[in-house]
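Based on these hints, arrange chain B on the given structure of chain A.
For the record, the sequence lines run as chains A and B.
So the number in my numbering is just where the residue sits in the first sequence, counting from 1, plus 68.
So the number in my numbering is just where the residue sits in the second sequence, counting from 1, plus 576.
Residues from chain B shown here face chain A by an in silico Cβ test under 7 Å; the list is partial:
no.	residue
1	S599
2	E600
3	T624
4	T628
5	S631
6	E632
7	S635
8	E692
9	R693
10	M696
11	G697
12	T699
13	V700
Hints listed in this document are in silico derivations from the structure and should not be mistaken for laboratory results.
Even glycine gets a Cβ: it sits at the ideal position worked out from N, Cα and C.
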Amino acid sequence: MRTEFEITDNILIVKLSGEIDHHEAAEIRNEIDSTYSVFGSKHMILDFSQVSFVDSSGIGVVMGRYNKVKEKGGSILIAGCSEYLRTILFLSGIFTIIEESASAEEGILLLKQRSVAEKEGEEETGKTAGDEKDGGK
Amino acid sequence: MTERQKEAQKKMNQMKVEFAAISENEAFARLTAAAFLSRLDPTVDELTEIKTAVSEAVSNAVIHGYGGGSLEQSVVLSCEYDEGGTVKLIIEDGGAGISDIEQARRPLFTTGSPEERSGMGFTVMESFMDRVLVESEEGKGTRVTLIKTLDISYGA
Numbered sequence: 069m070r071t072e073f074e075i076t077d078n079i080l081i082v083k084l085s086g087e088i089d090h091h092e093a094a095e096i097r098n099e100i101d102s103t104y105s106v107f108g109s110k111h112m113i114l115d116f117s118q119v120s121f122v123d124s125s126g127i128g129v130v131m132g133r134y135n136k137v138k139e140k141g142g143s144i145l146i147a148g149c150s151e152y153l154r155t156i157l158f159l160s161g162i163f164t165i166i167e168e169s170a171s172a173e174e175g176i177l178l179l180k181q182r183s184v185a186e187k188e189g190e191e192e193t194g195k196t197a198g199d200e201k202d203g204g205k
Numbered sequence: 577m578t579e580r581q582k583e584a585q586k587k588m589n590q591m592k593v594e595f596a597a598i599s600e601n602e603a604f605a606r607l608t609a610a611a612f613l614s615r616l617d618p619t620v621d622e623l624t625e626i627k628t629a630v631s632e633a634v635s636n637a638v639i640h641g642y643g644g645g646s647l648e649q650s651v652v653l654s655c656e657y658d659e660g661g662t663v664k665l666i667i668e669d670g671g672a673g674i675s676d677i678e679q680a681r682r683p684l685f686t687t688g689s690p691e692e693r694s695g696m697g698f699t700v701m702e703s704f705m706d707r708v709l710v711e712s713e714e715g716k717g718t719r720v721t722l723i724k725t726l727d728i729s730y731g732a
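Isolated chain A, as found in the complex (with noise of 0.2 Å):
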């Protein structure tokens, strides 16, 4: 099990892999949160799209996240999410919380289309994001 991260503007993109079972999940809670901190993100992409086996323990790595992130005004999306894992996260009511994208690279999209609206709503002259790149669909 190797936990990678790649990071795109202010958005950590985790990639887990392999399976989160209890004994794993604690490693790697600890991975996210010191590499979230370190990078200073603010938003976060968990993508189980290469997670082979998920138990409970993995709605409590994706709950404490979610306060993690939350604590730090960001926005926490699940990306690739298998039709099994779907229904672990769903009896434990997340998808109430926390939204859902059907890959990280459309979760990525998301999160930046909306932060340009957020700072076009909230102020006309912080036009700091500079350049959005499209990436494409």
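Frame of chain A; chain B shown alone:
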């Protein structure tokens, strides 16, 4: 139940393994169960559901039965199936036991920190298996029995 099903039920295959009550062995337990059941030719979904339920039960034994794990103590996984495709898995520990089983089975109930524990273990077991039986005595241990009938109508 037809005569054929009754006949099939008589032919049981079974196994039993005992392993140290540490979290590293959660993966061992679910993979062992899956390997044992492979002769029934379960679907990928069925196998995933069974592996998840076993993982939940063994995690419970390690976390709650043995307070996070113990190399000196053990968890026993036994499994049997009949030719009708009914699978029974038993996960037993000799740990702390559960004082209020009904409360423990309630969704979101946990004695752990809410940040780490979701309180969804039994709910996940119940939703993936046909039946989940829990027997426990405080100070003696807990036995969780998971039963599921596989859809093997296409097989044999």
